Structure formats: structure tokens, C-alpha cells
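Position one of the sequence shown corresponds to residue 1317 (our numbering), numbered consecutively onward.
Mixed in with the good hints, there may be bad ones.
[Claimed, not checked] Simulated pairs of lysine-lysine, DSS-like, Cα-Cα distance not exceeding 27 Å:
#1 LYS1333 to LYS1385
#2 LYS1364 to LYS1351
#3 LYS1354 to LYS1385
#4 LYS1375 to LYS1354
#5 LYS1354 to LYS1333
Honestly, the hints are just simulated from the structure, not real lab data. Please read all numbers here as calculations on a predicted model, not as lab measurements.
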Amino acid sequence: MTFASFAPKCNAADAVKIINLSPGAALHMREAPDKNSKVLAYIPGSSKEFRITGSCDEKWCPISFRGMKGWAFRRFLRVPGDAIVETPSDLESSEGSAATTAFPGFSTDEPPTALLTAPDPDAYLGRFYSIEGATADHPLSLRDAPDDASPIRGMIPHDARQVEGLKRCIAKWCLVRYNGVVGWTLRRHLADDATEVRRLQVVNIDIAAVLPVKEYPGDTAADIGFIPSFASGVVQIGACDKTWCHVRYLGFVGWVSSRYVALEIAPKL
């Protein structure tokens, strides 16, 4: 069976629709028709800015998006005249095409409407980072894609400095360069070298309560630890805005709600 025999019944320049993605997910546009190839762009599910540029086979379609050309899984595309059936989002395949929700800012859980090459908050623009919260036995992995199961390209030592941010962050991941190797690593371990180190204390919560520490700045992010209400010595390691603050406490790192921390007050002698 020839490659062209699966060509969609439409002109190559016709618009197509993204289907079968979970809410907030994005379509991966890959460098080659291979689920392990490099991701060139994360296309929001509502986007109408891409086109099919040639013949599809049973798995892949060649597409263009904002001047870039690549490949996308055919099952996530519906083209005019195509017989592919949409499936409920809860039956979505995890086969490499549905991205995690992408967060362009610290204070929103809304997915982006623009390509993720758009600038992130100032704390992630052209910055260099030190690593916090890792150990000599557990350095940070540099992965091929923002996914725990993605192939590892390299490692970042627990005491590394001058880790270069490359202006892309998706949920708990950020794209960085270290020793010439580019890959995705866990966002919470990237301490901003330009941030003034300040000691904070927990405020505004009940004595019996605890303050959750999130793996990225978003209400739906997983809790990776908790800080007791009476804690002091919480260290700011990255940007704080009106919603989130990037901190370290007793060896673990992540984001806490800015509402519940304040500058530590030195005890009166």
C-alpha cells in the first residue's frame, strides 16, 4: 500500500481540526514521523493556524504551523472528507501526542493560546540558574521531552551553576542547556541566580494547619511537601509574585502561595 493512498480528501492547504485531546492538552508537532523524534511545537487544541502540507499515511500527517513544518499523529486530526472518528477524551491515547497542560505564567491555570516559544515570566527569560534540592546521588535528568518517560539526554549535577534557561516551561518542566546539552528538567530545582536570597516565615494559617509546597506554580500542581504553620527559615530561591513564591525548606523545593509567607522577623533581644 502506497503512502499516497491515505491522502486526505482535501486540498493540501485546507485547514484541519484537532480532535481526541483532553481539555488543556496540546498537539505535538514532531520533526519526523516518529513518536520519539524531536518536538518542534506544542499546538493548542483550539488552534486554526496549521495546515496539512502533503499526503497522510495511516499514522502521520505532514503539517505546517507558524512557518514551521513537521509531523503530527493522524488520529488527532480531522480533515474535510476524512472518515476518522472522534473519540471521547477519556479514551485518549498516551502515545506521545497529547502534551501536558502548558502554563505560560505563575498565576494562571489557563493553557496558552500562543506557541510556547512566547516569553514566560521574567524569572524564566534568558536567566541562569543554580540547582537546589537535588543530591549527589540523585542529579537532575535532562530529558528529550517534558515527560518522565522520555529518553535522557544528559545529567545536571546537584551543585551545578550556570544552567541556562531557554524560555520554555510546561507545567513541572523547563527547557535548559547545560554543558552544551539541551533538554527538559524539573522546574522546581532551578534556583534563579539573580534572585536576592531572603528568609521567609509562614503567616496567615491556623496553628494546626500546614502550607502545601507545589511542584510548579499552579493550583492543580501536585504537593511535594508541607511546611508547618510555625516554620521559619523558609528560603526564597526564585521569583515571588502576588500569587506564588519559589522557595526551599528543609531540603525540598517548590512553590507556595504568596499569601501565606512574609519576610522573617528577627526576634527581639
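Results for each hint:
Distance hint between LYS1333 and LYS1385 is fulfilled; the C-alpha atoms sit about 17 Å from each other, no more than 27 Å. With a C-alpha separation of about 23 Å, the suggested pair LYS1364 and LYS1351 falls inside the 27 Å cut-off, and the hint holds. At most 27 Å may separate the alpha-carbon atoms for a hinted pair to count; LYS1354 and LYS1385 meet this at roughly 12 Å. Annotation: proposed proximity of LYS1375 to LYS1354 holds, straight-line Cα distance about 17 Å (limit 27 Å).
Of the pairs offered as hints, the one joining LYS1354 and LYS1333 holds, with about 22 Å between alpha carbons and a cut-off of 27 Å not exceeded.
Consistency note: the structure conflicts with none of the earlier hints.
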